[in-house]
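A.B. asks: Given these sequences and hints, build the entire structure.
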Amino acid sequence: MTYSRKLLEDLYATMLRIRISEEGFVEPILNREIRCPVHLCSGEEAIAAGVCSVLEKDDYIFGNHRSHGHYLAKGGGLKEMVAEVFCRETGCSRGRGGSMHLIDPSCGMLGSAPIVGGTISMALGAAMSAWVRGTRQVAVSFFGDGATGEGTLAESLNFAALKKLPIVFVCENNLYSTHLCIDEIRVSRNIYKMALPFGEKGHRIDGNDVLKVYEHAKQAVELCRNGEGPVFLECLTYRQRGHVGPDDNVQGTHTDIRPAAEIKRWLKKDPIKRLEKYLLQQGGFSSQDLQQIRAVIDTEVSEAFDFARQSPFPAKEELSNYVFAQ
Amino acid sequence: MERDETVMLIGQGVKSPWYVGNTAQGLLARFGARRVIDTPVSENAMTGAAVGAALAGMRPIVEHPRMDFMLYAIDPIVNEAANWFYMNGGKLPVPAVIWGVINRGGEQGAQHSQALHALFAHIPGLKVVMPATPADAKGLMVAAVQDNNPVVFIDDRWLYGLEEVVPEEFYSIPLGKGVIRRQGSDVTIVAVSYMVREALKAAEELAQHGIEAEIIDPRTVKPLDFDLIHKSLQKTGRLVVADGGWKTCGVAAEIAALAAEKAFSCLRAPVLRVTLPDLPAPASRTLEAAYYPVSADIVTAVNRLVKPCHEEGMLLHRVSYAAQ
Ligand SMILES: Cc1ncc(C[n+]2csc(CCOP(=O)(O)OP(=O)(O)O)c2C)c(N)n1
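These protein sequence lines are chains A and B, in that order.
Under our numbering, the residues of the first sequence are numbered 224 to 549, in order.
Under our numbering, the residues of the second sequence are numbered 1323 to 1646, in order.
There may be inaccurate statements among the hints.
[To be verified] Away from chain B, derived, C-beta distances all over 12 angstroms, residues of chain A:
hint, residue
1, I243
2, P328
3, S352
4, G374
5, L419
6, E445
7, R448
8, R488
9, Y501
10, D529
11, Q549
[To be verified] Chain A regions said to be covered by chain B (calculated; three or more residues, Cβ under 8 angstroms):
hint, region
12, 251-264
13, 400-410
Hints were generated in silico from the structure; no laboratory data involved.
Ideal placement from N, C-alpha and C gives every residue a C-beta, glycine not left out.
C.D. replies: Structure representation (structure tokens):
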């Protein structure tokens, strides 16, 4: 399969934008400049980038507690995202939400929230709205392997299949749910098979291969637009950092709960390095090309951090705003 | 768990070295993987399982590291556990403890901060326990486990830093018996859970200005030891209720209503509530600082009562009423 230069460049830029901003949070988290819980998605960028690259602006996505990548990939503003993590008034949720509540209706990001599984049925609803209105919009629900324990997923799978709703369920299987390895929360590692008894199409993908994710997502979204949804995509991946915060394990304890050899093995499968290799060897990119892309993003990210730091916190007089819509 | 083999602990993070403030540390090694179970993220099923196990002869404790997550379990708690004994005509009790932790602050935002005790206290058939000290946490947990009813046991994470000598021996503190944390004659402050600490700070400051506050820690929100509050009101005639939940239809509202219903003749001033405003929790630290009530808010409330100004229209009437 060949890919347009534009597509390859976009995928690369999106993944880099996510990675560089994520890594930019590490320092300010450690020095307590950022205090809200931050779940970094370093290592998982290919899924957000691949899936969102096939979506239109008016398609919908919902995320979870680890959604910086989803937000950026769907076209959310970098400045607004960084400012929200810093809990500033200029953040996409005006400092009311923090890292776990990235919401921007203008790019179709209808929400992210830390209640595990909490947004799955809302994505179902967004898909239902497209179905009722008869538009060709699609909704994507991003959730982790941990969310497969919640009953709401089964309920949503059933209803989506029943009405053939245009929804893509994207499970980012990073093999851990906080301190528990997947084998401690499920008997079968084959998460994608959850969809099959409901009559849905389910696939497992290498979630660190952005081109594979792109291809599967493209197919899935097309099926949805043609009324042949829903589709369930399980994307295998690994977070390079801790569950919350920057630790390579679990914040606060420095007790590694994941085997060092396993972490090392997965670092070798870094999705960005992998795409770089492809771009250089088969994509017709030179290393200068890649450096140029990186330089632009470096500037963008550092501008976003400056913007966030210079932005005011919400004024306490405005505490009671936004409880009810007028 | 040593004394009673039917007691078991099931919940998220019970084997983790960092979840839930280490409350379950060492239990797995001591009691084994059948009685100490770390669970998938499945609050509804796990809480329902605790209820079912209770019906089948166990005394399970099911733990939710943030009580926000317990909302997935609202059906087994409210529809099932709370009603079961009544629905079966008193034949089969539900001796389950549902343990939830309030874990707010730190810019965690609306879904990681909710203090939902009033919601559960509203439901007939549930008891709601809220310890304010380490020694109470032990005695009340023992009582909750021994109780034959579903008990919602709610910890405030902000109390987890408290240090206090906890008696080694086995003891329980009866559900429904409050305690006076500080003696005083000028005003009664009923403070729930974490707010006991803020009330104690407030009382110190008030004492410097010659105002002696009596602090009552009800320990259990339901059943509520109103007799203790009533006795205190007979002495002080003034009531401030400090609760870390929301104002409307909250625990403070309930205590204020009981005061009006049962102790009206003692009251020399209106009852004041120090609670959260009726808003979701904001993330930003500037807004959090304005959102969470602290000792200064209690001091302000007490000052309003002991230095009455004439705008409180009803005040003079109440004073004369009390004097009769
Ligand atoms: C309803 C609910 N229960 C428990 C939690 C605590 N919690 C936060 S993230 C998480 C694990 C989620 O794992 P997964 O879905 O695999 O996502 P990952 O963090 O691996 O990206 C848990 C249990 C929560 N936020 N919400």
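A.B. asks: Run the C-beta distances from S352/A to all of chain B and say if the shortest one exceeds 12 angstroms.
C.D. replies: holds, 23 angstroms
A.B. asks: Quick check for students: does the CB of Q549/A sit more than 12 angstroms from each CB in chain B?
C.D. replies: holds, 16 angstroms
A.B. asks: Taking the minimum C-beta separation from D529/A to chain B, is that value above 12 angstroms?
C.D. replies: The claim holds: D529/A sits with its nearest Cβ about 19 angstroms from chain B, beyond 12 angstroms.
A.B. asks: Please settle this one: E445/A was flagged as non-interface, so is its CB more than 12 angstroms from every CB on chain B?
C.D. replies: Check passes; 32 angstroms lies beyond 12 angstroms.
A.B. asks: Check the non-interface label on R448/A: least C-beta distance to chain B beyond 12 angstroms or not.
C.D. replies: Holds: least Cβ distance 32 angstroms, greater than 12 angstroms.
A.B. asks: Would the least Cβ to Cβ distance between I243/A and chain B come out above 12 angstroms?
C.D. replies: Holds: least Cβ distance 23 angstroms, greater than 12 angstroms.
A.B. asks: Against chain B, does the region 400-410 of chain A show at least 3 residues with beta-carbon separation below 8 angstroms?
C.D. replies: Coverage by chain B holds here, the residue count being 7 at a Cβ distance below 8 angstroms.
A.B. asks: Is the nearest CB of chain B more than 12 angstroms from the CB of L419/A?
C.D. replies: Per Cβ check, L419/A is outside 12 angstroms of chain B; nearest 20 angstroms; holds.
A.B. asks: Over 12 angstroms from every CB of chain B: does Y501/A meet that, or does the non-interface label fail?
C.D. replies: Given a closest Cβ separation of 35 angstroms, the condition holds.
A.B. asks: Does P328/A sit more than 12 angstroms from chain B, CB to CB?
C.D. replies: holds, 18 angstroms
A.B. asks: Is the claim that G374/A lies outside the interface with chain B correct, judged by CB distances over 12 angstroms?
C.D. replies: For G374/A, whose nearest Cβ neighbour in chain B is about 5 angstroms away, the distance does not exceed 12 angstroms, so it is violated.
A.B. asks: Does the region 251-264 of chain A contain three or more residues whose Cβ lies closer than 8 angstroms to a Cβ of chain B?
C.D. replies: holds (count 3)
Hint 4 from the earlier list is the only one contradicted by this structure; the remaining hints agree with it.
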